[in-house]
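There are 2 protein chains.
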Amino acid sequence: MSNYQQIVLASRPQGVVSVNNFRLESVPLPALRDGEVLVRNHYLSLDPYMRMRMEDVKSYAAPQAIDEVMIGGTAGEVVESRNPHFAAGDKVVGMLGWTEMAVSDGVMLKKVDTTHIPLSAYLGVVGMPGMTAWYGLTKIIAPKAGDTIAVSAASGAVGTVVGQLAKLRGCRVIGIAGGKEKCDYVVNELGFDACVDYKGGNLFKDVKAAAPNGIDGLFENVGGVVMDAVLARMNPFGRIALCGLISGYDGEPMPIHNTRVILSMRLMMQGFIISEHMDLWPQGLSEIGALVATGKLKFRESVADGLAAAPEAFLGLLRGKNFGKQLVKLV
Amino acid sequence: MSNYQQIVLASRPQGVVSVNNFRLESVPLPALRDGEVLVRNHYLSLDPYMRMRMEDVKSYAAPQAIDEVMIGGTAGEVVESRNPHFAAGDKVVGMLGWTEMAVSDGVMLKKVDTTHIPLSAYLGVVGMPGMTAWYGLTKIIAPKAGDTIAVSAASGAVGTVVGQLAKLRGCRVIGIAGGKEKCDYVVNELGFDACVDYKGGNLFKDVKAAAPNGIDGLFENVGGVVMDAVLARMNPFGRIALCGLISGYDGEPMPIHNTRVILSMRLMMQGFIISEHMDLWPQGLSEIGALVATGKLKFRESVADGLAAAPEAFLGLLRGKNFGKQLVKLV
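Protein sequence lines, in the order shown, are assigned to chains B and F.
Quick note, this note's numbering runs 677 ahead of the 1-based positions in the first sequence.
Quick note, this note's numbering runs 677 ahead of the 1-based positions in the second sequence.
Hint data in this document are derived by calculation from the structure and do not stem from the laboratory.
There's no promise every hint is true.
Just so you know, same-sequence chains aren't split out, so a pair can sit in one copy or run between any two.
Stated by the list, open to error - Here are the simulated lysine-lysine pairs, BS3-like style, with alpha carbons at most 25 Å apart:
no.	residue 1	residue 2
1	K821	K975
2	K821	K735
3	K735	K882
4	K735	K885
5	K975	K857
Note that the structure is predicted; figures quoted are calculated from it, not measured.
Just chain B, with the same shape it has in the complex (with noise of 0.2 Å):
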């Protein structure tokens, strides 16, 4: 193999992305240089967050480039080593971008042991978005065994671990999720108490009637109607983890109208990034790993098949289209 495949930001969207604002290149594997190594992706993550990263606008990280490879997580399987940190048939995380192949210098490289969780859960449930539900419901919103915990976004792959870490918690935990499947899912196979269907077209009503207590802690991937739905009924000092406006993102942000309920119920929200709190992934991470590799925190992927499927995907997790944390499978 002396090509490998990648996809770049071929140029922004104007409104709504489209495949087309991509680009698939093939290019010629460098040869690799002291202290670098060869990395063959074997899965790529998707996640809303990439779709902000194509704007030009002044966010926590510089936009992705014009004709660089698109940015994100990838676990794959070192191939060529010149760095002695690292041998061939390593298994390792880092965020090298969708690509097939890439070089690295190791330092953002992460090995890890696939004995009893396999490589693809380093992208979802022990990886970055598994932590981020760990500590936006420990660190924000701190809940008490007996608190209504609410997430939006259930069944993506944030929302299924904040579900499940609240049940062990001892709260009582309401998704928001689009469809029956997905309420299904949520509530028959991972034990939250109620899910309400986002377009079953009562939210407010159906909000209401799946938290009868009110509801203590939001955890919010979506924004928009479904975070007012959810404001609604938020009880004094509520706390709210602001994590993901998915349902603004592409296209016209969307407001909240709700506002007046932040000052009248004296709620606390918090805007966070998961990436400004590695001083604290470990604690999540051994909580969450202990749970994976026991089988009692459970997770579930949509997997597309090779790089070029890889835009379209993107434009389906922005759509709802996943069910769980959304994958590339390159190998």
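With chain B's structure known, arrange chain F on it following the hints.
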């Protein structure tokens, strides 16, 4: 005087509040029982929160009841006492409502010292609005010297104190107010670094120009587009003390459009109500009281004359017609 006047809530506003929602009544003076005091109010406090209490919605307090005396802070004088803790002539503040006279059991009545501080100031700068400013600034925003702090309704009872306290802490202070006169006042008289006239037609551009290094803390009294303009300039890890949303109190609530900034800049927003932090009142009062008594903290009052003027003055307050603390003088 065997009768006195009071104002009750006659009906709930449908949309915008009008003077017809209130009713002036003349009622007979009751005889005092043991333990009671009779108070003649000298000043009524008019505050934006009263508008929310006029609605029959779930909030931090029960709605104002129909046909009952309008709630509100008062400052006055004991005219007769059958309570050993009070004597005729004592100056007292309480929550006696929109009434010339009231009987109290003394429990919620507080004697105040008017030697160095005028009685009316106990409803403003050294009262609830001043403590609100102190708490939100010092306990939620917690500014460091050099931070840029923005405050909306900058020339109001709360905003004037927020800005002056922030200046004393070495911050750059940006006010937002309606009209040149108010902006000139907070800059020239109170020492704010800049003030944006939200009626000037260039709100977003003017906020940007006033805060070239971004904004680290926002003390929000207004909401709506004023809040959106400040959100657009928030720096990472900024703090928002959500004190009021007056732009949406009288009629339709105003949405926040710039919610994505709360996420991308990892902002913390906390709604609060000062009456839940009475334990800190002595600490705040000791700072503010000393500053007021020595003339280092300035304040301004808009004073309506006579009980019958209260509804019109309250409507004006909701439209920003007041300049500083809005009072009604009864004696």
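Quick rundown of the hints versus the structure:
no.	hint	result
1	K821 / K975	within (22 Å within a copy, 44 Å between copies)
2	K821 / K735	between (36 Å within a copy, 24 Å between copies)
3	K735 / K882	between (37 Å within a copy, 16 Å between copies)
4	K735 / K885	between (37 Å within a copy, 14 Å between copies)
5	K975 / K857	within (19 Å within a copy, 60 Å between copies)
Checked against the numbered hints listed earlier, the structure breaks none of them; every hint is satisfied.
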